[in-house]
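Given the sequences, and given the hints that come with them, work out the whole structure.
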Amino acid sequence: MHDPILGIRDLDAFYGDFQALYGLDLHVDAGEVLAIIGANGAGKTTLLRSIAGLMKNGAEQVRYRGQPIGALRADQIAALGIALVPEGRQLFPSLSVEENLMIGGRTGRKGPWSLDAVYNLFPILEERKAQASTSLSGGQQQMVAIGRALMANPDLILFDEISLGLAPIIIKDIYAALPGIVGEGMSAVIVEQDITKALSVSSRVYCLQEGRVSLEGASDALSREDISRAYFGIA
Amino acid sequence: MDWVNAIVQGTLLGGLYALFAAGLSLIFGVMRLVNIAHGDLIVLAAYLGLTTSVALGLHPLAALLVVIPAMAGIGYVLQRGVLNQTLGDDILPPLLVTFGLSVIIQNALLEGYTADPQKMDAGALETASFGFGGLTLGVLPVLTFAVAVAVIAGLQWMFYRTPLGRAFRATSDNQDIAQLMGLNKAHVFGLAMALSLAVVAVAGIFLGIRTSFDPSIGGGRLIFGFEAVIIGGLGNLWGTLVGGVILGVAQTVGAKIDPGWQLLAGHLVFLLILAVRPNGLFPRVDA
Amino acid sequence: MSRSRYHVTRTSRTAQVAAFLGAIALLILIAAPWWAGRAELRLIGELCLYLALASLWNLMAGYAGLVSVGQQAYVGFGGYLLFALTIFGGLNPVLAIAIAGGLGALVSVPVAALIFRLRGAYFAIGTWVIAEVFRLSFAQVSALGGGSGTSLPTGIVRSLADGRAAREALAYWLALGVTVLVVASVYLFLRSRKGLALTAIRDNELAAASLGIDIWKTKFLVYVVTSALTAMVGGLIFLQKLRISPDAAFSVNDWTAFVIFIVVIGGIGTIEGPIIGTLVFFALRETLADLGTIYLMVLGLVAIVVMLKAPRGIWGLIRSRFDLELFPLGYRVQQKQDKGA
Amino acid sequence: MAAILTLENLSKSFGAVTVADALSYEVEKGAALGVIGPNGAGKTSMFNLITGTLAPDSGTIRFEGRDITGSNAAARSRGGIARSFQVPQPFSHLTVFENAMVAATQAAGLSGRKAEELCLDVLDQTGLLGKANTAAGGLTLLNRKRLELTRALCAKPRLLLLDEIAGGLTEAECHTLVDTINAIRGTGVSIIWIEHVVHALLAVVDRLIVIDFGRKIGEGDPKTVMASREVQEIYLGIEADA
Amino acid sequence: QTPTLKVGHVSPRTGPLAGFAEADDYVLAQIQDMFAAGIENNGKTWNVEIISKDSQSNPNRAAEVAADLILGDEVDIIVAASTPDTTNPVADQAEVNEVPCITTDCPWQPYFFGRNGVPGEGFKYTYHFFWGLEDVIGAFLDMWDKSGVAKQVGGLFPNDADGNAWGHPELGLPTPLAAAGFDLLDPGRYQPLSDDFSNYIAAFKDAGCEIVTGNMIPPDFATFWAQAAQQGFNPKVVTIGKALLFPSVIASLGDRGDGLSSEVWWSPAHPFASSLTGASAADLANGYSASTGRPWTQPIGFKHALFEVIADVVRRSEDLEDYEANLAAITSTNLDTIVGNVNWANGPIDNVTKTPLVAGQWQKEGNAFDLKIVANSNAPEIPLTGELKLL
Ligand SMILES: Nc1ncnc2c1ncn2[C@@H]1O[C@H](COP(=O)(O)OP(=O)(O)OP(=O)(O)O)[C@@H](O)[C@H]1O
Ligand SMILES: Nc1ncnc2c1ncn2[C@@H]1O[C@H](COP(=O)(O)OP(=O)(O)OP(=O)(O)O)[C@@H](O)[C@H]1O
Ligand SMILES: [Mg+2]
Ligand SMILES: [Mg+2]
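Chains as they are written, first to last, in the numbering used here: chain P, 13 to 247; chain A, 1313 to 1599; chain E, 2 to 342; chain F, 188 to 429; chain G, 53 to 443.
A portion of the hints provided could be inaccurate.
The following label-pair restraints were derived from C-beta to C-beta distances [what the hints assert, rightly or not]:
#1 G:ASP310 - A:GLY1466: 37 to 43 angstroms
#2 A:GLY1466 - F:ARG402: 49 to 55 angstroms
#3 E:VAL110 - G:ASP371: 54 to 60 angstroms
#4 F:GLY375 - E:THR10: 30 to 36 angstroms
#5 E:ALA40 - A:GLU1423: 53 to 59 angstroms
#6 G:GLU417 - A:ALA1436: 18 to 24 angstroms
#7 A:ASN1591 - F:GLY252: 51 to 57 angstroms
#8 E:VAL110 - P:GLY70: 50 to 56 angstroms
#9 F:GLU213 - E:ALA20: 53 to 59 angstroms
#10 F:ALA359 - E:GLN335: 25 to 31 angstroms
#11 G:TYR375 - E:ASP163: 17 to 23 angstroms
In case anyone wonders, no lab produced these hints; they're calculated from the structure. We put the beta carbon where it would ideally sit given N, CA and C, even for glycine.
Spelled out as structure tokens, the structure:
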């Protein structure tokens, strides 16, 4: 077992009056791929936003490499080496493909990922580099979003629903690229609705329900029934 | 010939309006901030220019070397200290805060400089002229127009060709995601305001050379700036120049018909354009 | 069954107390000509008119999401029509003001058709430009003094009532009356079905449209009614000012910026906010106005500080602390107390 | 029986994303139609087209025989089409009861006591009566979804569109929900229900359509459709196995 | 115990018109000193309290503070000065509220006709002293006649109270200029704070205007004057009302200020003295400059004279407690003030009396500008101090 690279303790999250997360506990071990599953609205995105610094947290609620980072701003957290591939891709529409990638590299962290490395991973992007990011197909946009996050050379990368709205063939491609992405010691958290996919690429899995962890375990040790129960709260 | 003259003079006037509007366009484009104090900031820059040029015995244009950094500094502090806290979906908080700012600047200038009209002495530049195809053009208005084009070209280059410009566009597109890229939006917005007020400094000096000013004249010019920005389309800098020129030409041509129509014609053309194109002539194409 | 034990009320204890106190206050105000000095009478009258403007602007911006910086268009329009209808039409000023309201509604229709195409900041600037167009257009009407403006002939003022005291009382009651009319209409409107629709739109346009609310029509209605009432208030304002000129009539500072100040300081999107804001504004003005520039700087500073420290305004602060509602707009579901059921 | 809703060749795309691709089908009066399909297939978009939140690029929508393609969302709602939103869209500053009242007064056109009584009844039925005075912004997700259903019912629709309202319910709650929907159906209301919780869906609907990339790729008797190879393939996930 | 008479005073202390009121502090302080001992009326000493309020250069605000003074402070007399935007709203409030009012520092036509005054009827409570457009015209023609330039005149009149009055076809410049053989080219009324005058300049150039006249605010004139040079329009005489009154404006124009001309209502060279202090015009102007370090301005004399008239009225009123008696005292005024004689029996129209007006030119002497009186045929008692030079 590795040391946890990220530890979350007693995390709450609110949108105005609405509470989306309730006292969540969770950790990510260094070098592992962790999957987070759960029904629509369970709080998966909110969890990732909390880690990335886009929600208001207490300092101690999120620890990264032993440091409390819960109260830092998103840009400070990004500089520490946590990158998020957001749900729905969220490219910058007024930036070209290459500019989207370049802005990902703004943190200036050293590492294996560079424009060339990203183009190597997704050759199609090099062909489209001058194009407006919005003119790409969904799958290509997802590639840009992933590339953009990689450009920061993060130690921990968070994927929010990378396969959402993509054709199966593209999903397959992206998942095929995943081991190469996390191969070099990077840790990853993957939020995924396709449970089969989630289980197959991850070593451990958490299931969220209504803002709480309803199941946790090694990916290969969980039965479909466990998951189904955790997923829908079917007792 | 008279009509040609009206159009040429209107175009040059449009340069002045574009200069007024460029800074406004920048911050409107980057952070959707409606800055009511923009006109008063231009006047503030004019006073700063006056004070430096008198105190140091500089030509007003040389005073830019002092006024531009000073205004940029004011902009950065203002943005981070006050305006950043008002940004959001609601346009009212920045509207009211900049209104408050406008009142404060105006009255502080009145306290400091009295209501006396002031003018910057730019010597021969003010009255120099040259003939051009049967028209007589002033060197100063032509210079103003050229500076406006240069400022806008510069901003455009900065916006589309530099990392800072990328940061502006990214933050403007999506603040949250920009933060994830390691951009501190408070800082980015501070820089945007600093840049905006640097342009304001240029506008202020040219206003101060062109005509006399007193603390109260900022507000009157503000509306033309907004019109130029909106005609051109949100955050489109060349559009702002076009907007300024359309406004200037509408005014001089209106005035040619009847002097009472000068301002009215500008406003009517503005409304007409919006009636046909509610997002301005060159709206940004979002996803 | 438990269901039968529930019923719905639309009032509360505090609201009843507030209504009672409000009624007493109103009676006292109605009687002001008998107890107040001439200056107070005028001041209260002016305060009333500002309250009316603020309530109307609040209805637009706070409830319909129409942030206009051009309401001076209708204030000035109402004022000018008062002058035009009395001087050239020979109408009684009160009648003229009523007609000004009607015509205000009429001109607001094409204006709305134009500016409703704009959103957010564009809408705000668009309304401002419209007001400028009004200003510049009235400046072209030489019969009304063009850019110099004109005074209301003393004869017309005298025709309002016999004697100075009666005239002043009447002007006061008109101001008070219009204000009560405005505040009451806003309140009743917001309690009505259309009002509920408006509040729903403010919260969530997508859901509102899917629940049968015609967003455009609702906002349009609000805009037109607000314009009409604003024009009437404008008429009353210039009945007090006695003199009108384009710059004064269409002053963005006097009729919109200060009004926005009032509403936002008091608490936008509440009926109580404009009332509190008006009191604060007049308190500042009466105590500091003689300081000239300092007064205006204080005003600017107050605007900034309140916006930064209490973005929901003073009433917002009070309400978050005490959960008060003096003008109940909502519905309460209560369990019945009676044992008979 | 006559059709209450008819879609004819409805198409809509956002740039490269096609959310409706020559979509055609009918819903009989009083029938309950289930809709399944993978994430992003265009199910919610189809609701947006039916309710008028989205305008189609081409095609026609008929409701009770009338062409409503050109009318706006508000008019369709008043005409008898109500929906629940997949991502709940409460009026956050209004109470639960007031949220319901918006539907009763605006969509159903009721007023006064009549509207209030209807809202109380529906709140009772959906189990939200106890929360009637709570601001909707403070509700939990489940209650927000209940509120969606409540509002839709308070609109007194003849066609009810439900978008993923069973997700996250316990089995007992799921049963209650199924009973509620069956009861609504019993009053003659036609229903289209998008749901990933297939067993709940199957307990209500009498016909199923499958959507993928905006296209209808399967239609018919629920059991048959679920057993088809196409659906099996698209639903490689948990529901197919269950 | 001495009774107190309250005088309300409205002026634009702040805002764009603040230049007109810049001497208020100095003049009021001086007046208050004079009044400190009280004023004798019917053998009784009265305190005179002056309550001064700022109109913020805003006519709405002017009406408001006037009403405040009348209704709240219950002043016995109200006075106001500086442009129609101040005098008219204040006078309107006074008229309706039936309080005596004296105003100055606004030509009488915009005052009288701008308030819808009817000749023969006039007003009951409100009185005004200043000069009229006929005097401006007389002074200007006098000056232009001497210049010997072409009689082609370009007119620049804004769409505001002064501009409309000056440009009025009958009451303003056009008719008398035509009568005197001058050809006035008036393209129309521009909106104040315009950014462009090229149409005017083109028209003036085409018509060969050698004289430019009008009534402008300083920023508009500065814009026009710079554009004129840029567009190659070089008139020989430029005589503009209002904009060229203040030394600070001329100073701000630099060398381009030299030779501009304007009407002169009052100057240190005026051969008048204060009925209150006995000081001459020169004494008053020098006193102001010495105490503030600023050059003298024309409104100083009128502000002072306003309170001379008040003091005189207070002395003569038969019953200071009675508005009607005070009013009677005003109507019967005949006082030689520091700006000339004030006597409403001699007015050109009801409620108005006039003070003399001459024309002057700003001439550079060393580093400073001096306003030389160059034409005085309508008021020969005011000596010439210079000779008109062409631009
Ligand atoms: N900006 C917001 N304002 C209010 N509520 C929000 C906001 N964003 C999310 N929520 C609510 O918070 C809850 C958790 O949302 P979240 O997006 O984290 O869920 P999720 O598990 O990622 O769901 P999905 O699978 O649909 O992406 C949901 O009920 C959602 O409606
Ligand atoms: N307004 C819009 N602009 C651009 N794309 C949109 C818009 N609305 C929906 N989409 C895209 O259309 C596709 C279909 O979305 P839709 O919400 O209809 O899917 P769905 O079938 O309801 O999925 P789910 O099961 O996840 O709810 C998605 O890829 C979505 O991103
Ligand atoms: Mg999510
Ligand atoms: Mg959906």
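Each hint, compared with the structure:
Roughly 39 angstroms separates the CB atoms of G:ASP310 and A:GLY1466, a value that falls within the hinted 37 to 43 angstroms. A hinted range of 49 to 55 angstroms holds for the C-beta pair A:GLY1466 and F:ARG402, which are about 51 angstroms apart. Distance hint check: the CB atoms of E:VAL110 and G:ASP371 are about 58 angstroms apart, consistent with the given range 54 to 60 angstroms. Between F:GLY375 and E:THR10 the Cβ separation comes to about 33 angstroms, which falls inside the hinted range of 30 to 36 angstroms.
Between E:ALA40 and A:GLU1423 the Cβ separation comes to about 30 angstroms, which falls outside the hinted range of 53 to 59 angstroms. Checked against the given bound of 18 to 24 angstroms, the beta carbons of G:GLU417 and A:ALA1436, roughly 23 angstroms apart, stay inside it. Range check, A:ASN1591 to F:GLY252: about 39 angstroms between beta-carbon atoms, so the 51 to 57 angstroms window is missed. Taking the beta carbon of each, E:VAL110 and P:GLY70 are about 54 angstroms apart, inside 50 to 56 angstroms as hinted.
Roughly 55 angstroms separates the CB atoms of F:GLU213 and E:ALA20, a value that falls within the hinted 53 to 59 angstroms. A hinted range of 25 to 31 angstroms for the beta carbons of F:ALA359 and E:GLN335 is consistent with their spacing of about 29 angstroms. G:TYR375 and E:ASP163 have their C-beta atoms about 19 angstroms apart, which keeps the hinted 17 to 23 angstroms range intact.
The structure fails to meet hints 5, 7 from the earlier list, while all remaining hints are met.
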